[in-house]
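Starting from the given sequences, assemble the full structure and let the hints guide the process.
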Amino acid sequence: MFRFIVRRLLQLIPTLFGLSLLLFIWVRRLPGGPEDAILGERATPEMRAAIRRSMGLDEPILVQYGRFVQRLLRLDLGTSSSTKRPVVEEFLERFPGTVELTITALVIAIGVGIPLGYLAARRRGQLLDHLSVGGSLVGICVPIFFLAYVLKAIFSENLGWFPSSGRQDPTIEATRITNFFVLDGLMTREWDAAMDALWHLVLPGLALASIPLAIIVRITRASVLEVLNEDFVRTAEAKGLTERTVRGRHVLRNSLLPVVTSIGLLTGGLLSGAVLTETVFAFTGIGAFIYEAIGQRDYPVLLGFIMIISVVYVLVNLLVDLSYSLIDPRVRVR
Amino acid sequence: MALLEVDDLSVTFARRGQRTVRAVDGVSFSVDAGEVVGLVGESGCGKSVTSMAIMGLLPRHPGTRIGGKAAFDGTDLLGLDDRARRDIRGRDVAMIFQDPLSSLNPVIPIGLQVTEVLARHRGMKGDAARKEAAGLLDRVGIPDPTRRLKEYPHQLSGGMRQRALIAMAVACRPRLLIADEPTTALDVTIQAQILELLKELVHDSGTALVMITHDLGVVAGMCDSINVLYAGRVVETARRRPLFREPRHPYTSGLLGSVPRLDSGRGEPLNPIPGSVRDVLSWSEGCAFAPRCSRRVDACLDETPPVVRTHDGRSYRCVDPVPLPGAVPAQAGPADQPEASSPEPNEEKTRD
Chain A
1 MFRFIVRRLL
11 QLIPTLFGLS
21 LLLFIWVRRL
31 PGGPEDAILG
41 ERATPEMRAA
51 IRRSMGLDEP
61 ILVQYGRFVQ
71 RLLRLDLGTS
81 SSTKRPVVEE
91 FLERFPGTVE
101 LTITALVIAI
111 GVGIPLGYLA
121 ARRRGQLLDH
131 LSVGGSLVGI
141 CVPIFFLAYV
151 LKAIFSENLG
161 WFPSSGRQDP
171 TIEATRITNF
181 FVLDGLMTRE
191 WDAAMDALWH
201 LVLPGLALAS
211 IPLAIIVRIT
221 RASVLEVLNE
231 DFVRTAEAKG
241 LTERTVRGRH
251 VLRNSLLPVV
261 TSIGLLTGGL
271 LSGAVLTETV
281 FAFTGIGAFI
291 YEAIGQRDYP
301 VLLGFIMIIS
311 VVYVLVNLLV
321 DLSYSLIDPR
331 VRVR
Chain B
335 MALLEVDDLS
345 VTFARRGQRT
355 VRAVDGVSFS
365 VDAGEVVGLV
375 GESGCGKSVT
385 SMAIMGLLPR
395 HPGTRIGGKA
405 AFDGTDLLGL
415 DDRARRDIRG
425 RDVAMIFQDP
435 LSSLNPVIPI
445 GLQVTEVLAR
455 HRGMKGDAAR
465 KEAAGLLDRV
475 GIPDPTRRLK
485 EYPHQLSGGM
495 RQRALIAMAV
505 ACRPRLLIAD
515 EPTTALDVTI
525 QAQILELLKE
535 LVHDSGTALV
545 MITHDLGVVA
555 GMCDSINVLY
565 AGRVVETARR
575 RPLFREPRHP
585 YTSGLLGSVP
595 RLDSGRGEPL
605 NPIPGSVRDV
615 LSWSEGCAFA
625 PRCSRRVDAC
635 LDETPPVVRT
645 HDGRSYRCVD
655 PVPLPGAVPA
665 QAGPADQPEA
675 SSPEPNEEKT
685 RD
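From first to last, the protein sequence lines are chains A and B.
1 is the number of the first residue of the first sequence in our numbering; add one for each residue after it.
335 is the number of the first residue of the second sequence in our numbering; add one for each residue after it.
Because the hints were derived from the structure by calculation, they are not lab data.
The beta carbon of each residue, even a glycine, is placed where N, CA and C say it ideally should be.
Hints should not be assumed to be uniformly reliable.
Said to hold, decoys possible - Computed spacing ranges between beta-carbons, pair by pair:
{"#": "1", "chain 1": "A", "residue 1": "183", "chain 2": "B", "residue 2": "446", "range": "35 to 43 Å"}
{"#": "2", "chain 1": "B", "residue 1": "551", "chain 2": "A", "residue 2": "14", "range": "27 to 35 Å"}
{"#": "3", "chain 1": "A", "residue 1": "71", "chain 2": "B", "residue 2": "435", "range": "38 to 46 Å"}
{"#": "4", "chain 1": "A", "residue 1": "226", "chain 2": "B", "residue 2": "377", "range": "53 to 61 Å"}
{"#": "5", "chain 1": "B", "residue 1": "377", "chain 2": "A", "residue 2": "145", "range": "35 to 43 Å"}
{"#": "6", "chain 1": "B", "residue 1": "592", "chain 2": "A", "residue 2": "229", "range": "27 to 35 Å"}
{"#": "7", "chain 1": "A", "residue 1": "123", "chain 2": "B", "residue 2": "368", "range": "20 to 28 Å"}
Unchecked claim - Calculated Cβ distances over 10 Å to all of chain A for the following chain B residues:
{"#": "8", "residue": "341"}
{"#": "9", "residue": "376"}
{"#": "10", "residue": "391"}
{"#": "11", "residue": "416"}
{"#": "12", "residue": "424"}
{"#": "13", "residue": "443"}
{"#": "14", "residue": "459"}
{"#": "15", "residue": "481"}
{"#": "16", "residue": "499"}
{"#": "17", "residue": "502"}
{"#": "18", "residue": "507"}
{"#": "19", "residue": "626"}
{"#": "20", "residue": "637"}
Unchecked claim - Under 10 Å between C-beta atoms, here's a sample of chain A residues computed to sit facing chain B:
{"#": "21", "residue": "42"}
{"#": "22", "residue": "231"}
{"#": "23", "residue": "236"}
{"#": "24", "residue": "329"}
What follows is the structure, encoded as structure tokens:
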């Protein structure tokens, strides 16, 4: 088990290396550069060249890449060309918000999706089944920004149950330690700050959860239906076990395998894809920042972001593999 | 009274947009305590559906109709509610299935799969249950049972898996064991071991055994009496010896004739039954076997052939049975009394 984890973490190194080289070259191939964003359209070629030189962009690309890797080894991602602040600093400020949002969305998607998918399979062909299958189709089809505005209009503006924007009420003087607002509140025992941050997560979390929720419902339902037809379920029935034991012990656990895999894949998408939700709810996460960075050709930010996302992706899938081996002894890791 | 009395059992599957299938069509047979009874037939003859209906394991579907009776020790199993049925299953009536790998839960250790039966029906828990489970594995011939309890099905060989399934089935010392092709998925050498084990278990414990198989070799080695099924009906019932020595129904005779024998000459061809089980008539149009039968006469298509019971306790459903050896066909007649008392049930009883 330990060796498996170490090996997977070591695999991360060549993965990151290859990925960064590929992206480094690819990003530089995009038309335009940071000098255009800084100087605008009317800059002279001399001014452009001066800026490029000052940023080190005039050197051969491999030399630039070498410098990038050198800095990376010291966990330095360089300086943002648009905000002039260290990229690492920017990320530490913004990434926690996105992570909180992603976790909220996952908790909602898993907590609702698995039971709903299971019940739909059990009541196949009945009202609940049709509702959840139809509902999940809607969940996949409705654009997130639209759903986000609808949620905001109903639960925030009309009913006033949840705050409509931001990560925390600015009037609360909360202590910042990790920039995970909920965690900070718990660590400093500022309960009201933690609750308020949590409350701010509900609506954006719901909006972001819509697609993964729909996917999890469908995968769970299909998987349960398949397992219900397995021979070992018939054996369990033949043993005279109570319905509860048959369902809980024999059906549910076997149905979870494909669901766990899909959760791993969904997580990466959530982390990098929360832009729209963050925009609608004025939620200071990483999404809007990255969106800006693309427009500004902010190479260091883009590369750093991709590096972080890939590390998270590998870690999440390592977790998935580990939980997989907990559920299914046939894939016990060695 | 017999331990299990199956009377006029019928199972029909109706699916929207498809022809209604009558998988089991008035099957009757009985099993005495401690007796080994064979249900023999080709695939699709309804033998598995019969056992699943008795166990109450057919998938619940509004189009599935089960009729008739299956009285176990006087209680009609088909009329029980779900709860009472679960109480009997695994405790009084247990079942062994065909494919041991898919019949075991892949993600649960063997031990729990054995102890869960003990917990459900015998209230055993913890160490006592584990000890009993190890004893059961030992009894079915699994070496090093304490270690095996912690292993998962994929770590066992095919024969061991079937032994483990058998251990689960006999865990509560059932009075009736139904084995649905228990050796089909196994190697020939393992087959013999598993059959030997089953024989031993039923002999030691007095458990009655219903052996479902298409393999006449299995039947010959194990069963006291045999029911031959064709297209959802019993076509011949007899004790083992008479059935093998003097099959009366042409189908039984055909089955026996299509088994390769060591003592037949090298060049002698096998005599398979022509056609396949799909070439059936509906029993309401006459004898379902008629299209494949070498002894077909016009009378076969008049009506469902009545069951003929002979004085030695045999019965068959044929208007022109295979004559007994050494007897001219006409002489066999007077001994065989067509059953006059019970008119042929042409209507199946169905319950919704």
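So, going through the hints one by one against the coordinates:
Distance hint check: the CB atoms of residue 183/A and residue 446/B are about 38 Å apart, consistent with the given range 35 to 43 Å. Roughly 59 Å separates the CB atoms of residue 551/B and residue 14/A, a value that falls outside the hinted 27 to 35 Å. Taking 38 to 46 Å as the suggested C-beta distance range, the pair residue 71/A and residue 435/B does not conform, at roughly 55 Å. Distance hint for residue 226/A and residue 377/B: a CB-CB separation of about 24 Å, inconsistent with the stated range 53 to 61 Å.
The hinted window of 35 to 43 Å between residue 377/B and residue 145/A is violated, with their beta carbons roughly 57 Å apart. Taking 27 to 35 Å as the suggested C-beta distance range, the pair residue 592/B and residue 229/A conforms, at roughly 33 Å. A hinted range of 20 to 28 Å is violated for the C-beta pair residue 123/A and residue 368/B, which are about 44 Å apart. Under the 10 Å C-beta cut-off, the non-interface status given to residue 341/B relative to chain A holds; the minimum distance is some 22 Å.
At roughly 22 Å from the closest C-beta of chain A, the C-beta of residue 376/B stays outside 10 Å, upholding its exclusion from the interface. Annotated as non-interface, residue 391/B brings its C-beta within 10 Å of a C-beta of chain A; the closest such distance is 6 Å. In this structure residue 416/B is not separated from chain A by more than 10 Å, as the shortest Cβ-Cβ distance comes to only about 8 Å. Distance check for residue 424/B against chain A: the nearest CB is about 3 Å away, which does not clear 10 Å, and the non-interface claim fails.
The beta carbon of residue 443/B is not kept farther than 10 Å from every beta carbon of chain A, the shortest such distance being approximately 8 Å. The non-interface label for residue 459/B is consistent with chain A: the shortest C-beta to C-beta separation is roughly 14 Å, beyond 10 Å. The Cβ of residue 481/B lies farther than 10 Å from every Cβ of chain A, with a closest approach of about 15 Å, so its non-interface assignment holds. The Cβ of residue 499/B sits about 7 Å from the closest Cβ of chain A, inside the 10 Å cut-off, so the non-interface label is violated.
Once the 10 Å rule is applied to beta carbons, residue 502/B is inconsistent with being away from chain A; the minimum gap is 6 Å. With a closest Cβ-Cβ approach of about 14 Å to chain A, residue 507/B is found to remain outside the 10 Å limit, as its non-interface label requires. Look at residue 626/B: its CB is around 32 Å from the nearest CB on chain A, clear of 10 Å, so calling it non-interface holds up. No beta-carbon of chain A comes within 10 Å of the beta-carbon of residue 637/B; the shortest separation is about 38 Å.
For residue 42/A, the shortest C-beta to C-beta distance to chain B is roughly 67 Å, which exceeds 10 Å, and the interface hint is violated. Here the hint on residue 231/A is kept, as its CB sits about 4 Å from the closest CB of chain B, short of 10 Å. With a least beta-carbon distance of about 7 Å to chain B, the hint placing residue 236/A at the interface is held under the 10 Å criterion. Hint status for residue 329/A relative to chain B: holds, with the closest Cβ pair at about 4 Å, below 10 Å.
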